[in-house]
Amino acid sequence: MLGKKRQGGLFLHCACAGDVIGALQGLCKAAAKMCGRTACTLAPDDVGKACEYQNKRGERKRPGWRDGDSDKYKPSYNKCPQSNSPVLLSLKHFQKDADSSERVLAAMRWGLIPSWFTETDPSKMQYNTSNCRSDTMAEKTLYKSSDEKGSTHGNGSRLLTMAGLFDCWEPPNGGEPLYSYTVITVDASKAMNWIHDRQV
0 MLGKKRQGGL FLHCACAGDV IGALQGLCKA AAKMCGRTAC TLAPDDVGKA
50 CEYQNKRGER KRPGWRDGDS DKYKPSYNKC PQSNSPVLLS LKHFQKDADS
100 SERVLAAMRW GLIPSWFTET DPSKMQYNTS NCRSDTMAEK TLYKSSDEKG
150 STHGNGSRLL TMAGLFDCWE PPNGGEPLYS YTVITVDASK AMNWIHDRQV
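Take the sequence shown: its letter number 24 is residue 23 in numbering that gives the first Met the number 0, and every next letter is one higher.
Quick caveat, the hints were computed from the structure, so don't treat them as lab data.
Only a predicted model underlies this, so the values are computations on that prediction, with no experimental measurement involved.
From the three backbone atoms N, C-alpha and C, an ideal C-beta is built for every residue, glycine too.
Warning: the hint list may mix true and false statements.
Computed list of lysine-lysine pairs in DSS-like fashion (alpha-carbon distance at most 27 angstroms, straight line) [to be verified]:
id, residue 1, residue 2
1, K48, K73
2, K71, K60
3, K60, K48
4, K48, K91
5, K60, K95
6, K91, K60
7, K48, K71
8, K91, K71
9, K73, K91
10, K95, K48
11, K55, K95
12, K91, K55
13, K123, K73
14, K71, K123
15, K73, K60
16, K71, K95
Derived Cβ-Cβ restraints for the label pairs, each shown as a range [said to hold, decoys possible]:
id, residue 1, residue 2, range
17, S133, E175, 26 to 32 angstroms
18, N127, E58, 36 to 42 angstroms
19, S122, V185, 27 to 33 angstroms
20, R56, K95, 16 to 22 angstroms
21, N127, G57, 40 to 46 angstroms
22, N172, Y126, 18 to 24 angstroms
23, S122, K48, 29 to 35 angstroms
24, G35, P74, 16 to 22 angstroms
25, G174, G63, 22 to 28 angstroms
26, G57, P170, 40 to 46 angstroms
27, A190, G67, 37 to 43 angstroms
28, T117, G57, 43 to 49 angstroms
Taking the hints into account, I'd like the entire structure generated from these sequences.
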């Protein structure tokens, strides 16, 4: 871990491209806000295969799951906020001495709970944090601790990847830390605005 204080950052959320298009067509009928559904039906081992990447030494690598997180992720055609989804990010977020090009998969809760949240129950978060607008996220206090510079990408991936921010909330009374994320959205392109006015 990165010491006592865990840091948030940028990542890529993984979803099955075909599943997402089908889900969008079925669930997103010209809504006024960003859709609240994604889909990933890949088994945990298949998510790792689909997220293969090339490290800075040019080696093809398959990311593993962080500390048994594969058990927290359940494949589904209907993933909604507060469900756990696979997130691909730099291993450096969990191991200070790791190579910055090494990646790891983590199951994270969709809907950001910022590290500064002081309630004992994360369900008391009063803001919708499943998505954040790219044009206003730098101004929002809500996302300040999660905006480290960095990114992750893969070549030839069959997954639709979504950029986002993540953070780690530690319950004030102790207990297991909760890793959560929000998806960054932008105005939809002309090709996609028939489905929705925002896109990932």
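Each hint, compared with the structure:
| no. | hint | result |
| --- | --- | --- |
| 1 | K48 x K73 | holds, 16 angstroms |
| 2 | K71 x K60 | holds, 23 angstroms |
| 3 | K60 x K48 | holds, 9 angstroms |
| 4 | K48 x K91 | holds, 21 angstroms |
| 5 | K60 x K95 | holds, 19 angstroms |
| 6 | K91 x K60 | holds, 16 angstroms |
| 7 | K48 x K71 | holds, 18 angstroms |
| 8 | K91 x K71 | holds, 21 angstroms |
| 9 | K73 x K91 | holds, 25 angstroms |
| 10 | K95 x K48 | holds, 25 angstroms |
| 11 | K55 x K95 | holds, 17 angstroms |
| 12 | K91 x K55 | holds, 14 angstroms |
| 13 | K123 x K73 | holds, 24 angstroms |
| 14 | K71 x K123 | holds, 22 angstroms |
| 15 | K73 x K60 | holds, 23 angstroms |
| 16 | K71 x K95 | holds, 24 angstroms |
| 17 | S133 x E175: 26 to 32 angstroms | holds, 31 angstroms |
| 18 | N127 x E58: 36 to 42 angstroms | holds, 40 angstroms |
| 19 | S122 x V185: 27 to 33 angstroms | holds, 29 angstroms |
| 20 | R56 x K95: 16 to 22 angstroms | holds, 20 angstroms |
| 21 | N127 x G57: 40 to 46 angstroms | holds, 42 angstroms |
| 22 | N172 x Y126: 18 to 24 angstroms | holds, 22 angstroms |
| 23 | S122 x K48: 29 to 35 angstroms | holds, 34 angstroms |
| 24 | G35 x P74: 16 to 22 angstroms | holds, 18 angstroms |
| 25 | G174 x G63: 22 to 28 angstroms | holds, 25 angstroms |
| 26 | G57 x P170: 40 to 46 angstroms | holds, 42 angstroms |
| 27 | A190 x G67: 37 to 43 angstroms | holds, 40 angstroms |
| 28 | T117 x G57: 43 to 49 angstroms | holds, 46 angstroms |
The structure is consistent with each of the numbered hints, conforming to all of them.
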